[in-house]
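Trainee: If you want the building blocks of each chain, they are given just below.
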Amino acid sequence: MQLRHVFSELRTGLRRNLSMHLAVIVTLFVSLTLAGVGILVQREATKTVDELGNELQIRINLCTEDDPSLRRGLENCASGEITDAQRDRVEEELEASPEVESFEFETKQESFERAYEQNKRKDRGYLFEGEGAVVTVEKWPAAYWVTLKTPDEADGIISAVEGLDGVASIIDQREVMNQIFGIMTVLKYGSWIGSGVLLLAALLQVANTIRLAALARRREIGIMRLVGASTLYIALPFLLEALVTAVIGVGLAAGALAAFQWWGVEQGMAERVTFLPWVDWNDYAQALIGTFPPGIVILGPALTLIPTLLLTRKYVKV
Amino acid sequence: MIRFEKVTKRYPGPGRPALDQVTLDIDKGEFVYLVGQSGSGKSTALRLVLRELRPTTGRVFVAGKEINRMAGWKVPRLRRQIGTVFQDFRLLPNKTVAENVAFAQQVIGKSHKEISKAVPATLELVGLKDKADRMPDELSGGEQQRVAVARAYVNQPMILIADEPTGNLDPATSVGIMNLLGDINAAGTTVVMATHDHGIVDQFTKRVIELEHGKVVRDEAAGGYGFQHEEG
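The listed protein sequences correspond, in order, to chains A and B.
Add 28 to a position in the first sequence, counting from 1, and you land on the number used in my numbering.
Add 4 to a position in the second sequence, counting from 1, and you land on the number used in my numbering.
Bound-form chain B, shown alone (with noise of 0.2 Å):
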């Protein structure tokens, strides 16, 4: 589903890649953890499979797509089959919350009806469809969080990408959230999280890609998460 093949990605200016050549594999269906420190290259990771970002050097494979040679036009479409969530939610503040989530679907041209069934199926799903007319600032940090998966998931995505999703959240709600995903896991979508929630990886084992320094040191199919940099 997504592949890396010596992938280096150098920002402008002096200093190391961001990643320096990562070759990585990940299946459909998988849930995978990508951990390591911060400018440790998780976020560029990320960003290349969004083609936000274009590899310098290497390919990176999409659904059997090379995205970095696609054309510009095309990648709207590659964004479709991908949803994302941020640690910051990033919901909008005039918006309810069915308006939120239905967003996602109208500025891709779904139709009225499309939008009138997937929007309140989707909140059932993350279980807030008796919340579907509050404003983002009337729900907590998790139930935004469940709100910015919800938007992240009703267009049916092949892969779901979480950026610190659990990031601005206590333990207890963090642990609903990972539920949340191993549900979407379970149906079929692949998922990618990055995360620095030690709490988290240990409890949901589940294969770890850890990157120190834009490489690969760690590649688990069952790992907690790691022993060598256990920092806050």
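So here's chain A without its partners, still in its complex pose (with noise of 0.2 Å):
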């Protein structure tokens, strides 16, 4: 096959649509972009699953001797520090729930000192240090780990320990996670559908490229069908076209999303928002090279070629 002659086709075509070909490949750049972020989320959503999902646990205070619930009208605490019978009613709830793993006791002094630990980080030590300090032992409760089953399945547990007298709060982490989950969801989709409705238009365009372009080249056409080139031959100029332009969109779009995980990711979120694992170099090839869902140098081409393969057979039919 004479590929003199089918590049310098592809050269006068693309020169011949110049317009059109941006606009397909503005198109393909936006929405291949969007598709890649919809991917980078979906993966930092498994990945904070898969690290913080076993940790995802729920915090039982036990009542203290005047505990502060006293104060918001609570009556669990009315016996002051939680005695052993209530003690074992708690437990005899968290051992009989099917929504519970496991549970662990932690005192008051083992309370007390994680809480000091996290709040010597917050420069906030001073209030459980010396002789004036606000926070003591004594005031501080005793508590259950409790580590659930699945994550997103505690309504049972909560309801049936925050009745029990002793118990006077019940601190749900899932609530914060829950949130950044709900971040992380509307993000994905909301990408995935920008990227859908765009890829839509991309497709829409390569379709009147093509239809342009033969148009453009119908005597060639005419001809060549007539002194016997292959399907294949006459579709080569236009598939090429496709490629070209499906390249630069996915360059473009690669660009892009290296950009977002450099300056958005490594040097943006994942220094500031540091208790969340973040999507690495991993991810982002991942999301360029990926079979599912299919990364953005697989879809481009794709998204190009075959309606191309498929108008040319409409518009090229032997």
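Read the hints as simulated data drawn from the structure, not as lab findings.
Take the hints with a grain of salt, since some may be wrong.
What the hints assert, rightly or not - Derived contacts from chain B toward chain A, CB cut-off under 8 Å, selection only:
| id | residue |
| --- | --- |
| 1 | G17 |
| 2 | R81 |
| 3 | R83 |
| 4 | R84 |
| 5 | T88 |
| 6 | R94 |
| 7 | L96 |
| 8 | F107 |
| 9 | Q110 |
| 10 | V111 |
| 11 | I112 |
| 12 | N159 |
Unchecked claim - Mimicking DSSO-like on lysine-lysine, the simulated pairs with C-alpha atoms at most 30 Å apart in a straight line are:
| id | chain 1 | residue 1 | chain 2 | residue 2 |
| --- | --- | --- | --- | --- |
| 13 | B | K121 | B | K133 |
| 14 | B | K99 | A | K342 |
| 15 | B | K78 | A | K342 |
| 16 | A | K75 | A | K177 |
| 17 | B | K114 | A | K342 |
| 18 | B | K32 | B | K69 |
| 19 | A | K148 | A | K136 |
| 20 | A | K216 | A | K167 |
| 21 | B | K133 | B | K99 |
| 22 | B | K32 | B | K121 |
| 23 | A | K342 | B | K121 |
| 24 | B | K78 | B | K121 |
In this text, a Cβ means the ideal position worked out from N, Cα and C, and glycines have one as well.
With the hints as a guide, dock the two chains, each given alone in a separate frame, to form the complex.
Mentor: Following this line, the structure appears as structure tokens:
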């Protein structure tokens, strides 16, 4: 096959339809970037669940003498410091619950030290220190740390325990995480829907481009068919044009995603929000060349080449 | 070389078929005129040979192969054995004479070496050797048709199909084109020429097949244009 001829056809084809090709490239660029962001967000969510999902615990604070919950009008702590009988009752519920994977008792001392360490990191250690300390071991509650079987099923155990005597409060760590997951879900579907709409626009533009190109070349195509050029040979300049636009669109999107990964994640979010694991360059590579969901290196060419093949068969019918 | 067996071609919609139970046989090396009024089925017959169309019923054979049953991917190979010339020349306006002829070879994957040999030889045959670098719009109608013939012939087809090749040319120029087609036929290529041109058919007597309303009404080994249908 005469490649020189094919490439000269390709060159004229790209020049002739320059504005259409640019439109396809820009649309592909934006839609593929959005698709890539969607993939990254999805991987971020998976990563977060994998790494923090098991730590999504519920903390049951137990009553202390003169518990603050009394001042909020709760009667659970009316009898003062939790008694052994009350603790047995709580443990009974925890053992009976199908939602609970395991639980652990934390003494007042252990609990106090943990809180002290956390507050020291936030420069609030003085509250726990010295003669005039605001927070003391006596005032600090003992607690149960409850690990759930599935992080999103805890309503049963919470309602079973919260009314018991000796239970001051329940702190559900999942509430914070659920907000983060909520944001991620919105981001993920948002970027996928946006990308889907734009990919549809890109498809239609590819179709328009081919129709125009086939029209502009109909004389050549007519002669090619008559002298017996193969369908592939006739379609080749169209396919190459589609491939060139796809490669440029993918390249731009890959660059935009790399910028997002570097400035948005590595230099941005990962520096500020340290308690979450963040997507890394390996995830970036998956957003490019992954198979499910398909990465943009697969998506881009597929979305231009497949309609081109179908449409050239239609317009360039032998 | 070309055989129609009870070929009927109906286009969608009402009305009589474009070709109605046509049976004919054209041998290798023959020169055949296909005559008849507009709408008599001449173009349909030619397009069936090229497999641009398929018959509604009946069978079309070209070079021993039943082409209406041929797989789509084999059609280009069939067409490489058939050269085609049209009334309106159909040259590429942005290519020179030589490039127009070379185009027919490039697109079927002939090598640069083959092309650089075949194109000048074919241009010499049609008498345009010294105009190889001209653009089509710098040529007269007759010269443009010679370029079209060169393009149709450059791949050495077994069959040359000419659809009204002299339709846009004055009588003197037409004679030149007919002589050229005669030479090509003499070199062994089967020529099928659809025409309205009385003068040509009467002057260059060959086999004449006349179609009327999609039926063969006359098939003479060396006929004239005919008597009943002398219209402009």
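Trainee: A separate judgement is required for each hint: does it hold in the structure or not?
Mentor: Hints, one by one, checked against the model:
Nearest Cβ of chain A to the Cβ of G17 of chain B: about 20 Å, over the 8 Å cut. The hint is violated. The criterion of a C-beta within 8 Å of any C-beta in chain A is met by R81 of chain B, whose closest approach is roughly 7 Å, and the hint holds. Taking 8 Å as the C-beta cut-off, the interface hint given for R83 of chain B holds, the closest approach to chain A being about 4 Å. For R84 of chain B, the interface hint holds, the least distance from its beta-carbon to any beta-carbon of chain A being 4 Å, beneath 8 Å.
Satisfaction of the interface hint for T88 of chain B is found here, the shortest Cβ-Cβ separation to chain A being roughly 5 Å, below the 8 Å cut-off. Interface hint status for R94 of chain B: upheld, as the beta-carbon distance to the closest one in chain A is roughly 6 Å, under 8 Å. With 8 Å as the threshold, the beta carbon of L96 of chain B comes within range of chain A, its nearest partner Cβ sitting at about 6 Å, so the hint holds. For F107 of chain B, the interface hint holds, the least distance from its beta-carbon to any beta-carbon of chain A being 7 Å, beneath 8 Å.
Proximity of Q110 of chain B to chain A holds as hinted, the smallest CB-CB distance being about 5 Å (cut-off 8 Å). For V111 of chain B, the interface hint holds, the least distance from its beta-carbon to any beta-carbon of chain A being 4 Å, beneath 8 Å. A distance limit of 8 Å between C-beta atoms decides the matter here; for I112 of chain B the minimum to chain A is near 6 Å, and the interface restraint holds. For N159 of chain B, the shortest C-beta to C-beta distance to chain A is roughly 7 Å, which falls under 8 Å, so the interface hint holds.
Taking the CA atoms of K121 of chain B and K133 of chain B, the gap is about 13 Å. The hint holds against a cut of 30 Å. Taken as a hint, the K99 of chain B and K342 of chain A pair is honoured in the structure, with Cα atoms around 27 Å apart against an allowance of 30 Å. This hinted pair checks out: K78 of chain B and K342 of chain A have alpha carbons roughly 18 Å apart, not beyond 30 Å. Taken as a hint, the K75 of chain A and K177 of chain A pair is honoured in the structure, with Cα atoms around 18 Å apart against an allowance of 30 Å.
Under the criterion of a C-alpha separation no larger than 30 Å, the hint pairing K114 of chain B with K342 of chain A is consistent with the structure, at around 26 Å. The straight-line distance between the Cα atoms of K32 of chain B and K69 of chain B is roughly 14 Å, inside the 30 Å bound, and the hint therefore holds. At most 30 Å may separate the alpha-carbon atoms for a hinted pair to count; K148 of chain A and K136 of chain A meet this at roughly 18 Å. At most 30 Å may separate the alpha-carbon atoms for a hinted pair to count; K216 of chain A and K167 of chain A exceed this at roughly 44 Å.
Restraint check for K133 of chain B and K99 of chain B: satisfied, since their Cα atoms lie roughly 16 Å apart, inside the 30 Å limit. Pair hint K32 of chain B plus K121 of chain B holds up; C-alpha atoms about 27 Å apart against a cutoff of 30 Å. For the proposed pair K342 of chain A and K121 of chain B, the alpha carbon gap of about 36 Å is over 30 Å, so the pair is violated. With a CA separation close to 27 Å, the supplied pair K78 of chain B and K121 of chain B stays within the 30 Å bound.
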